[in-house]
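Following the hints, complete the assembly by docking chain Z onto the known chain A.
Protein chains in written order, with numbering that gives the first Met the number 0: chain A, 0 to 253; chain Z, 0 to 253.
Heads up, some of the hints might be wrong.
No copy is singled out in the list; a pair is fine if it fits within one copy or between any two copies.
Claimed, not checked - Heads up, simulated BS3-like pairs for lysine-lysine below, C-alpha to C-alpha not over 30 Å straight-line:
(1) Lys97 x Lys225
(2) Lys52 x Lys225
(3) Lys225 x Lys183
(4) Lys183 x Lys215
(5) Lys225 x Lys215
These aren't lab readings, by the way, just hints derived from the structure by calculation.
2 protein chains.
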Amino acid sequence: MNSLQFTAESSSNGMIERDFTVGDVPGVLWSPASGAERAPLVLMGHGGGTHKKHLAMAGRAHLLVTGCSFHVAVIDAPGHGDRPRTAHDEQEIAELRKAQAAGEPEGPIIVPYNARLAELAVPEYRATLDALQELPEIGADGPVGYVGIGLGTAIGVPLVAAEPRITAAVFGMMWPDALVEAAKQITVPVEFAMQWDDERIPREAGLALFDAFASKEKTLHANAGKHVDLPLLEADSATRFFARHLGRVVTSPA
Amino acid sequence: MNSLQFTAESSSNGMIERDFTVGDVPGVLWSPASGAERAPLVLMGHGGGTHKKHLAMAGRAHLLVTGCSFHVAVIDAPGHGDRPRTAHDEQEIAELRKAQAAGEPEGPIIVPYNARLAELAVPEYRATLDALQELPEIGADGPVGYVGIGLGTAIGVPLVAAEPRITAAVFGMMWPDALVEAAKQITVPVEFAMQWDDERIPREAGLALFDAFASKEKTLHANAGKHVDLPLLEADSATRFFARHLGRVVTSPA
Chain A
0 MNSLQFTAES SSNGMIERDF TVGDVPGVLW SPASGAERAP LVLMGHGGGT
50 HKKHLAMAGR AHLLVTGCSF HVAVIDAPGH GDRPRTAHDE QEIAELRKAQ
100 AAGEPEGPII VPYNARLAEL AVPEYRATLD ALQELPEIGA DGPVGYVGIG
150 LGTAIGVPLV AAEPRITAAV FGMMWPDALV EAAKQITVPV EFAMQWDDER
200 IPREAGLALF DAFASKEKTL HANAGKHVDL PLLEADSATR FFARHLGRVV
250 TSPA
Chain Z
0 MNSLQFTAES SSNGMIERDF TVGDVPGVLW SPASGAERAP LVLMGHGGGT
50 HKKHLAMAGR AHLLVTGCSF HVAVIDAPGH GDRPRTAHDE QEIAELRKAQ
100 AAGEPEGPII VPYNARLAEL AVPEYRATLD ALQELPEIGA DGPVGYVGIG
150 LGTAIGVPLV AAEPRITAAV FGMMWPDALV EAAKQITVPV EFAMQWDDER
200 IPREAGLALF DAFASKEKTL HANAGKHVDL PLLEADSATR FFARHLGRVV
250 TSPA
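Just chain A, same shape as in the assembly (with noise of 0.2 Å):
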């Protein structure tokens, strides 16, 4: 079993961020500023094309961090951020370019592109909960969540379908075409975001993998506006969502 090695560490608004490996997959843990105490710890995936500490995860984080003293940790899915892009890797993003430029779909690329890549980084998540669940301040036994939306849901349906620790999750934004099976398997709590006016996915396709979940307790949150266009109450209601979920108070405006 691969364990956590701590490669950095720095603080500011109000967020102490530990730089992390384990094995080869670097990723990031922020916590609160005002001490290690045990919290609960909110697992994140980030977007195709982007990395660990993009705007959109160091955003999601201080709103947890500082709103509800959660912990909240993202790794590099394979190809992105800090981690090599293998040739396959470099052929799919040509790929995708190629039909971007064409105006062509999408899906038919990105589908069986991130399927592989969440192939590969379920498994990571999963080692990594290991490692940050030996940390004192995480520990074993208490709750967790999940946020990913694009490839953060193509990686995060397939990893909560199979991973009993977390008990809430938050998706958005993908195809259901590889996804169904594994949205069939989740019970837990479920909040799911996606742009009504999508160029990108169709607004069938994002209602269909919502239906998808088992989940007693799921919410559809469709927004007005393009792929691009997610507007930020969607991280303030995420942050209220786990909240709810993983026994926490929001204390600062979220």
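Below, chain Z alone, put in the same frame as chain A:
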């Protein structure tokens, strides 16, 4: 023009409750107990078969008044609450009970009945708004919101389409048939609630009504569960929606 007459006043749970009439329409105005400071107004519409002081109305009012210091007003719909039922009301209710007992669809009865109630209620709401804006604590130039689910949406959609003073609205749980044309005229921010497993209003019907709003800023909240299972957190969400759009900060947890 009918003026507003207060007929009773009481105080509890941090709210002053004032019964009123405008002409022969009875209503209730809830205001912060801390005083009659000028503040935005939220108009509410109650659900079918209920009344202005139904728990769903008083509960929403409590969140809006104590959380945001809003004034909140609701009037009885025609044939509801303290208002007399006509022979036509009695006939519609009897037909609805018959359809329900037979397990037949309710839409063909509720849609035209609620459309008729809306024709009567829209001018009543506008006259009530005229009268309430005469009060110094509300005033003629403050922001106004509207929230109503079910019958409250059947009335609210044509009301908000006709009434430029209303600048943000929360709707939900109604068939689109009689409302699509009015919804297409609405451009103010809209939050729309539906139940994903609604056994009375088909899923496609709810999605179609949400789709019809012309609002650039609109959000669909679809929760797993049957018609009556609309979760309380949607009332919290509506409170935050009005805080954002009517220019207030939620000061207590909502």
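Evaluation of the provided hints:
1. Lys97 x Lys225: within (21 Å within a copy, 45 Å between copies)
2. Lys52 x Lys225: Answer is within; shortest intra-copy Cα gap is 24 Å, inter-copy 40 Å.
3. Lys225 x Lys183: Classified as both; 27 Å inside a copy, 19 Å across copies.
4. Lys183 x Lys215: within (11 Å within a copy, 33 Å between copies)
5. Lys225 x Lys215: Answer is both; intra-copy 29 Å and inter-copy 11 Å each pass.
In the structure shown, no violation is registered for any of the earlier numbered hints.
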